[in-house]
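Using the hints, build the complex out of the two chains.
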Amino acid sequence: MELIQRCQAGDAEAFATLFHQYQRLVYQTAYLLLGDAQAAEDALQEVFVKVHRSLATFDPAKGAFTTWLRRITVNHCLNVRRRRAIWPLSPPDRSVLVEDRPSFLPEELALSREQAAAVWQAVQRLSPKLRVVVILRYYEELPYQEIAQVLDVPLGTVKWRLHEALQVLRAELESEALRKEREKPAGVRAPGRPRTEP
Amino acid sequence: MKCQNVERMLTSYLDGEVSATERAEMEAHLAGCPACAGELADRRAIQRQVGSTLRAVAATATPPPQAWARLQARLATRPGLSWRERLATALVPARPKPRLALVSLTLVCVLAVALAALYPGGLVALAQGGIERLVRVVYLAWEPDQPAIPPAPARTPVLVPLAEAQQQVDFHIYVPTYVPAGLTLVGAEVVGPHKVLIRYEGDGTIRRLDLQQTRLTDVGQPPFFLASPNVVKGTVGGREALWVEGSWPQSVALMIWERDEFAFTMLVSARQPGLSIAEATRIAESLQ
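In the order they appear, the protein sequences are chains A and B.
Quick note on numbering: the first sequence equals residues 1 to 198 in this note's numbering.
Quick note on numbering: the second sequence equals residues 1 to 288 in this note's numbering.
Isolated chain B (complex conformation) (with noise of 0.2 Å):
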């Protein structure tokens, strides 16, 4: 057996994974070849080291006691994929695929059939009804098992003062510490028992930031359902987040991420060039 044969097979060999026969004449190789026996030794000590290493970091890491009751929680609530599983799986991702791409075209066809049925009017209509509505129409597009959503009347929030608000809901509502220089908080409107929004105004680039938030165990629909080429998969405060771009008529941009049993989205209205993800995140992670 030649050194370059012998070398290839040292971890095998170290990890008794090699043949009796290969293993007789790597024996016989090694006893009379100084150099690979001084490869063997220090792949030894690497294979050692290694091991060693990755069983005193894993003794350090111990699941959290609170995690049985947190997936009781999930199991209970969320009989089937999530939204957010729903929407991961159906987004295009980063690098479209051949595949993916013709599942994107195919999604687009049958969106602008649904936008046929569902907007006689057309996308003029569609743009002064707002992203939501997209998002709703793209969803049963793509959702067809699930009970047809009529699509939401364009409506303008009640907002009532912050504190107002929280007297009227029996869980914290989380505000942004940050906001970008101009933007205003105006109120916040309570939609319901599991689901409060509140809104900044600005009159610079930034136009209008709305920050839902809305109890997981009330998620039966999804927050928002918007489908898009410009998305981007990250992460707020370590968890998934997903970000969104669009343009009807102006530039909007759609955060979701969640946070304890909370699922958020943050709807942007902006002039040109908007928010940024860097500053999206910034303020999704000042959230007190």
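Chain A with its partners taken away, still in its complex shape (with noise of 0.2 Å):
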């Protein structure tokens, strides 16, 4: 906290601080929210010279500086996205393949690359409300009632969001495994339920 009032106080240095510790939260949040390099760091940008031009205004009895970063990413991620969806020339996401990055650690494998694949595109194919609880949930591991504060809506709305975003993940995965079902040759199809003969 001493950082943020001597940020308050117009210490140069200790915004250059608050930067540096804090950039990585704003930029991976974004990164996920937008799904493309360019606008995270657009995003990036323009979330600390908000920070800058209002953080006077921030009070810490109101809540965490985490929580109101958040809400400033956040609020400025969906901003962005709404832009880009009355723009017809907006390019779609540029999803992150996940076949071109580099092997995930060892612990991740449980899921495999083609499912990760799957589910990195499922999840950006949610509403944009959807997937900041999902983000703020999964990736960034809030409670609900932080979530809630963040977005700034009751927490009844977290729980109905999550338990929505869940259904529509969920089947998204089951339409895209049957997809990827039927797309198989006859002979490696997985065997199903063995028939009876008559």
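These are calculated hints, taken from the structure and not from any lab test.
Don't take every hint at face value.
[To be verified] Each computed DSSO-like pair below joins lysine-lysine, with the alpha-carbon atoms no more than 30 Å apart:
1. K50/A <-> K129/A
2. K129/A <-> K62/A
3. K50/A <-> K62/A
4. K2/B <-> K129/A
5. K195/B <-> K50/A
[Said to hold, decoys possible] Sample of chain A residues at the chain B side, in silico, Cβ under 8 Å:
6. A40
7. V119
8. Y144
9. E146
10. K159
11. L162
12. L166
All C-beta atoms in this analysis are idealised placements derived from N, C-alpha and C, irrespective of residue type, glycine included.
This is the structure:
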């Protein structure tokens, strides 16, 4: 908190420390929300310009700095997505193709690359409201109450959106799995339940 | 507890976000209901898959090393809102809300007063002066705290060959590798140490296309000040861009975007139907 107070007092060195301490949080959240490295970099800049401009109004009695910072980040990213949606030439989200990335860490390998790519694409197809709660909960691992504070919505809304998001993701992944299964040649299709010959 | 209630609370249950009483009731139900227990297992698997995927994707995303330097430069040169932010917040969005409609109406009224004060000759004089005058007036109308900008007198740029202009500035002048057929580069004008204009002319639908490149550090005043209901926000090279259309006295379109440390504007004067947004974006993205 001392760092925030120094920033509020106009200490430029403290602001540099603040930036380096939190840039990853902002960048990665923006990256997951926007699915695009250039957009995430722009978001990082815009968010910290806003932080610099309005840090004086931050009141620690009303909540943690990270909650405030996440709120600015999420609002900025949702605005960017909204603008993209009304722009006829908006390029589609450049999906992070998991296949192109280096191998995941061993503990992540419980999920195959193909599955991970399918999950990531399904997350990207979620509506912005559902996608935000999924990222705040399953990436940032925030408790529901803090998600509600970040989004400025009631706790019940967070519960409902998470429930809805998981339903949508499950349906998407199941239909994707079914599609893949249908595309496989007959010889390699996974064996189904043995049929009883008449 | 019924299956329907349990199913609705499974996500919260897995996230540890149910009360002790709810937890006990759910566990009692799950112990005797294979369908709900199966649903719980599926939901848990999805949560794990999503969590590990998001962590893996995020692990590949690292802020660029020059991020702090870029931010420092911005904070040093733009103490307040940037022209782009001011413009973006003042423009009418694609789906107008009632309150914004009121703001727009107010803006039009203020504009009318400003026009009357600054242009006693009326709209004809304005049309002759060109779009730049109009946008300056509009800008003044919604930025009263800005120092007054006298309307720029209509002037003819002093054009020189592009190579000559390049020698007069210490930055690279971006030139499009694509322009629509029929347009010819007629020259460039060095407006100052931080600003260059290159002009194309044509005898087809597009009469003139001006590309202005301005160092962001020099954008003390907005490069253009147009406000109009026909505004679309978009991207050029993945960064925010604004596209504005008007018709004074012929079809005029303006595109504003940023790249590296420069702000760019493209002013197109054309007969109907003019230049499409797709074409303008293609030109903007071809700059090299």
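Here is how each hint holds up against the structure:
1. K50/A <-> K129/A: 22 Å, holds
2. K129/A <-> K62/A: 24 Å, holds
3. K50/A <-> K62/A: 18 Å, holds
4. K2/B <-> K129/A: 29 Å, holds
5. K195/B <-> K50/A: Holds. K195/B to K50/A sits at ~28 Å (cutoff 30 Å).
6. A40: 7 Å, holds
7. V119: 4 Å, holds
8. Y144: 5 Å, holds
9. E146: Since chain B brings no Cβ nearer than about 11 Å to E146/A, farther than 8 Å, the hint is violated.
10. K159: Constraint on K159/A satisfied, holds at 5 Å.
11. L162: 5 Å, holds
12. L166: Holds - the Cβ of L166/A comes within 8 Å of chain B, reaching about 5 Å at its closest.
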